[in-house]
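Undergrad: Sequence:
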Amino acid sequence: MSGSSSFKIREILRILAGHYGNISWWPGDTDEVMIGAILTQQTRWENVRKALGNLRDRNLCSLSAIHGADSGEIGELVRCTGFYRLKTHRLKTLAAYVMETYGSVDAMTGEPSDRLRAGLLKIKGVGAETADSILCYGFSRTSFVIDAYTEKICSCCGILHRRDQLKTLFEDVLPQDPDAYKRAHAHIVEYAKEYCGKKRCNECILENLKE
DNA sequence: GACCAGGTCCTTG
DNA sequence: CAAGGACATGGT
Numbered sequence: 011m012s013g014s015s016s017f018k019i020r021e022i023l024r025i026l027a028g029h030y031g032n033i034s035w036w037p038g039d040t041d042e043v044m045i046g047a048i049l050t051q052q053t054r055w056e057n058v059r060k061a062l063g064n065l066r067d068r069n070l071c072s073l074s075a076i077h078g079a080d081s082g083e084i085g086e087l088v089r090c091t092g093f094y095r096l097k098t099h100r101l102k103t104l105a106a107y108v109m110e111t112y113g114s115v116d117a118m119t120g121e122p123s124d125r126l127r128a129g130l131l132k133i134k135g136v137g138a139e140t141a142d143s144i145l146c147y148g149f150s151r152t153s154f155v156i157d158a159y160t161e162k163i164c165s166c167c168g169i170l171h172r173r174d175q176l177k178t179l180f181e182d183v184l185p186q187d188p189d190a191y192k193r194a195h196a197h198i199v200e201y202a203k204e205y206c207g208k209k210r211c212n213e214c215i216l217e218n219l220k221e
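Sequential numbering from 11 applies to the first sequence in this note's numbering.
FYI, nobody ran anything at the bench for these hints, they're computed from the structure. Among the hints, a few may not be true.
Unchecked claim - With beta-carbon atoms standing in for the labels, derived distance ranges:
1. D67 <-> C167: 41 to 47 angstroms
2. F93 <-> E121: 25 to 31 angstroms
3. R125 <-> K60: 29 to 35 angstroms
4. G92 <-> A190: 19 to 25 angstroms
5. G82 <-> A190: 40 to 46 angstroms
6. T111 <-> E86: 23 to 29 angstroms
As the list claims (entries may be wrong) - Straight line, CA to CA, 30 angstroms or less: simulated BS3-like cross-link-like pairs of lysine-lysine:
7. K60 <-> K162
8. K162 <-> K134
9. K192 <-> K102
10. K203 <-> K60
11. K162 <-> K132
12. K162 <-> K192
13. K134 <-> K60
14. K60 <-> K18
15. K162 <-> K177
16. K132 <-> K102
17. K192 <-> K134
18. K192 <-> K203
19. K132 <-> K192
20. K102 <-> K60
21. K132 <-> K177
22. K162 <-> K203
23. K192 <-> K18
24. K18 <-> K102
25. K18 <-> K132
26. K177 <-> K134
27. K177 <-> K102
28. K192 <-> K177
29. K203 <-> K177
30. K134 <-> K18
31. K203 <-> K18
32. K203 <-> K134
33. K192 <-> K60
Here the structure is a predicted model, which is why all the values come from computation and not from measurement. All C-beta atoms, glycine included, are put in the ideal place defined by N, C-alpha and C.
Work the whole structure out from these sequences, hints included.
TA: Rendered as structure tokens:
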């Protein structure tokens with residue numbers, strides 16, 4: 011029943027908010043969020059931070075710069091994030107899309123969220139999670155990010171749905187406030203890193219964090 | 001040395 | 001449509 015799922019999701023969000031409070035997460039300008047969203051695919055954030063630093067040192071931490079840069083150079087700078095040839099190609103594709111369609115990242119801010127999302131999803135290498143990360147953290151839109159952690163925590167709590175259905179469930183429960191979206195996803199990731207080992211996650215969040 | 005990380009795409013059965 | 005493999009480096 012989706013009624014019971016909604017109730018559980020409210021509980022999860024309430025407990026996490028009480029436990030982690032106002033954490034700040036994924037700082038940086040829109041360019042950096044977009045680049046980071048590609049680089050963090052299946053990769054620890056520590057390695058992504060290094061790569062972003064490498065790009066910044068060479069003044070390549072923007073889509074306009076990446077659009078004009080040599081792929082070999084980008085590859086060296088993002089190598090520490092793994093899948094570096096693949097990610098370099100994805101960054102170039104994303105940069106080409108943005109520069110050729112909008113002319114600049116700033117020019118995208120006038121676009122409504124659903125059209126922004128549809129455009130991003132057409133890019134090879136930008137799936138739902140990457141697109142929603144960009145919308146939520148890069149453009150402060152109320153588009154909730156569902157990742158493997160969210161799926162796992164929900165699953166632990168008996169909420170078994172596909173990712174797009176989970177997205178709808180969370181968005182129906184959350185207030186229409188981009189900061190609430192940003193915080194909620196950050197809470198989920200922080201919780202999961204702390205409590206959900208890969209093999210065993212049999213202690214439910216509702217038990218771990220009970221007041 | 002084995003195993004996994006804030007995914008996505010492509011190929012198979 | 002579910003499942004499995006490829007992509008690759010760095011940390012435990």
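Undergrad: For each hint, tell me whether it holds in the structure or not.
TA: Tested hints:
1. With their beta carbons about 43 angstroms apart, D67 and C167 fall inside the hinted range of 41 to 47 angstroms.
2. At about 29 angstroms, the beta-carbon gap between F93 and E121 stays in the expected band of 25 to 31 angstroms.
3. Between R125 and K60 the beta carbon distance is about 34 angstroms. The supplied range of 29 to 35 angstroms therefore holds.
4. At roughly 32 angstroms, the beta carbons of G92 and A190 sit outside the given window of 19 to 25 angstroms.
5. Between G82 and A190 the CB atoms are about 42 angstroms apart, so this pair conforms to the stated range of 40 to 46 angstroms.
6. Judged by the Cβ atoms, the range 23 to 29 angstroms given for T111 and E86 holds: they are separated by roughly 28 angstroms.
7. Note on K60 and K162: the hinted pairing holds, with a Cα-Cα distance of about 28 angstroms set against a maximum of 30 angstroms.
8. For the hint pairing K162 with K134, the CA-to-CA distance comes to about 26 angstroms; that is within 30 angstroms, so the pair holds.
9. The suggested pairing of K192 with K102 holds, with an alpha-carbon distance near 26 angstroms, which does not exceed 30 angstroms.
10. Note on K203 and K60: the hinted pairing holds, with a Cα-Cα distance of about 20 angstroms set against a maximum of 30 angstroms.
11. Taking the CA atoms of K162 and K132, the gap is about 27 angstroms. The hint holds against a cut of 30 angstroms.
12. For the hint linking K162 to K192, the alpha-carbon distance of about 19 angstroms falls within 30 angstroms, and the restraint holds.
13. As the CA atoms of K134 and K60 are separated by approximately 24 angstroms, the hinted pair is consistent with the 30 angstroms bound.
14. The suggested pairing of K60 with K18 is violated, with an alpha-carbon distance near 37 angstroms, which exceeds 30 angstroms.
15. For the hint pairing K162 with K177, the CA-to-CA distance comes to about 14 angstroms; that is within 30 angstroms, so the pair holds.
16. Using a Cα cut-off of 30 angstroms, the hinted pair K132 and K102 holds, with the two alpha carbons roughly 14 angstroms apart.
17. Taken as a hint, the K192 and K134 pair is honoured in the structure, with Cα atoms around 25 angstroms apart against an allowance of 30 angstroms.
18. A distance of roughly 17 angstroms separates the Cα atoms of K192 and K203; the hinted pair therefore holds under the 30 angstroms criterion.
19. A C-alpha spacing of about 24 angstroms is found between K132 and K192, which places the hinted pair at or below 30 angstroms, so the restraint holds.
20. In summary, the hint linking K102 to K60 is supported, as the alpha carbons are separated by about 19 angstroms, within the 30 angstroms threshold.
21. Using a Cα cut-off of 30 angstroms, the hinted pair K132 and K177 holds, with the two alpha carbons roughly 19 angstroms apart.
22. In summary, the hint linking K162 to K203 is supported, as the alpha carbons are separated by about 11 angstroms, within the 30 angstroms threshold.
23. As the CA atoms of K192 and K18 are separated by approximately 19 angstroms, the hinted pair is consistent with the 30 angstroms bound.
24. For the hint pairing K18 with K102, the CA-to-CA distance comes to about 41 angstroms; that exceeds 30 angstroms, so the pair is violated.
25. Straight-line distance between C-alpha atoms of K18 and K132 comes to about 33 angstroms, which puts the hinted pair past the 30 angstroms bound.
26. Of the supplied pair hints, the one linking K177 and K134 holds, its CA atoms being roughly 21 angstroms apart against a limit of 30 angstroms.
27. For the given pair, K177 sits about 28 angstroms from K102 by alpha-carbon distance, which is consistent with the 30 angstroms threshold.
28. Between the alpha carbons of K192 and K177 the distance comes to roughly 14 angstroms, so the proposed pair stays at or under 30 angstroms and holds.
29. With a C-alpha separation of about 20 angstroms, the suggested pairing of K203 with K177 holds against the 30 angstroms cut-off.
30. Between K134 and K18, the direct Cα distance comes to roughly 35 angstroms. Violation of the 30 angstroms bound is thereby established for this hinted pair.
31. With a C-alpha separation of about 20 angstroms, the suggested pair K203 and K18 falls inside the 30 angstroms cut-off, and the hint holds.
32. The straight-line distance between the Cα atoms of K203 and K134 is roughly 28 angstroms, inside the 30 angstroms bound, and the hint therefore holds.
33. A hinted pair counts as satisfied when its Cα atoms are at most 30 angstroms apart, and K192 with K60 qualifies at roughly 23 angstroms.
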